[in-house]
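Chains A and B supply the protein sequences, listed in that same order. Following this note's numbering, the numbering of the first sequence begins with 1 at its first residue and continues without gaps. Following this note's numbering, the numbering of the second sequence begins with 1 at its first residue and continues without gaps.
Simulated from the structure, these hints should not be mistaken for lab results. Computed from a predicted structure; not experimentally measured. Keep in mind that a hint or two might mislead.
DSSO-like, lysine-lysine: derived pairs with alpha carbons at most 30 Å apart [to be verified]:
#: 1; chain 1: A; residue 1: K106; chain 2: A; residue 2: K70
#: 2; chain 1: A; residue 1: K69; chain 2: A; residue 2: K56
#: 3; chain 1: A; residue 1: K106; chain 2: A; residue 2: K26
#: 4; chain 1: A; residue 1: K26; chain 2: A; residue 2: K70
#: 5; chain 1: A; residue 1: K26; chain 2: B; residue 2: K57
#: 6; chain 1: B; residue 1: K57; chain 2: A; residue 2: K110
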Amino acid sequence: SQQGEEDPQALSIQEGENATMNCSYKTSINNLQWYRQNSGRGLVHLILIRSNEREKHSGRLRVTLDTSKKSSSLLITASRAADTASYFCATDPDSNYQLIWGAGTKLIIKP
Amino acid sequence: IAGITQAPTSQILAAGRRMTLRCTQDMRHNAMYWYRQDLGLGLRLIHYSNTAGTTGKGEVPDGYSVSRANTDDFPLTLASAVPSQTSVYFCASSETGPTGELFFGEGSRLTVL
Chain A
1 SQQGEEDPQA LSIQEGENAT MNCSYKTSIN NLQWYRQNSG RGLVHLILIR
51 SNEREKHSGR LRVTLDTSKK SSSLLITASR AADTASYFCA TDPDSNYQLI
101 WGAGTKLIIK P
Chain B
1 IAGITQAPTS QILAAGRRMT LRCTQDMRHN AMYWYRQDLG LGLRLIHYSN
51 TAGTTGKGEV PDGYSVSRAN TDDFPLTLAS AVPSQTSVYF CASSETGPTG
101 ELFFGEGSRL TVL
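Just need the whole structure built from these sequences, with the hints factored in.
And the structure:
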């Protein structure tokens, strides 16, 4: 069963705008990760946030984690055409040491 | 550094045939994983190996088997392929264990007719 659910399923924005994707999960977790997948390629790790962290930055990426709401958001600022990809969250539930994946958000950046 | 290498990239297979998907890593990671990715379902774990010589079942292991004879190689075998095994298969590895950062191969697209 899926632990993480991304929202929205698809997002289309203009280049230069900010993109926000959300991930909700069902049980308590140790950490949450975000990955990017370009069309036809493998997944690439973006950022990991631990359950005792509330916010983390990496370049143009900002991830927040709200454990009380069991949700996380990924913000991509000043989007570029190269950001067009699918984005997945993966959680590490306390009771299960394997990652559980959401179905992803498909992001399209229009030039 | 190549990272994770998967082969074949793509394969069309008749139902009932045996197929082995190959996965090799050059990062000396202890943990390795096989996932399948189907549209709308995200990634589902098939089998994993926390270290050479050990393997374990994931969420969807039926119809698949794996072996881990050494650190670098983690082949996935479909003993008798069925159409429901049509999917994109990803091999991944992790240095820090089952829930650390995963490094993925480029995938093997398998079609079972």
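A quick look at each hint next to the structure:
1. K106(A) / K70(A): 21 Å, holds
2. K69(A) / K56(A): 17 Å, holds
3. K106(A) / K26(A): 22 Å, holds
4. K26(A) / K70(A): 7 Å, holds
5. K26(A) / K57(B): 22 Å, holds
6. K57(B) / K110(A): Violated. K57(B) to K110(A) sits at ~42 Å, over the 30 Å cutoff.
Hint 6 alone, counting from the list given before, is not met by this structure.
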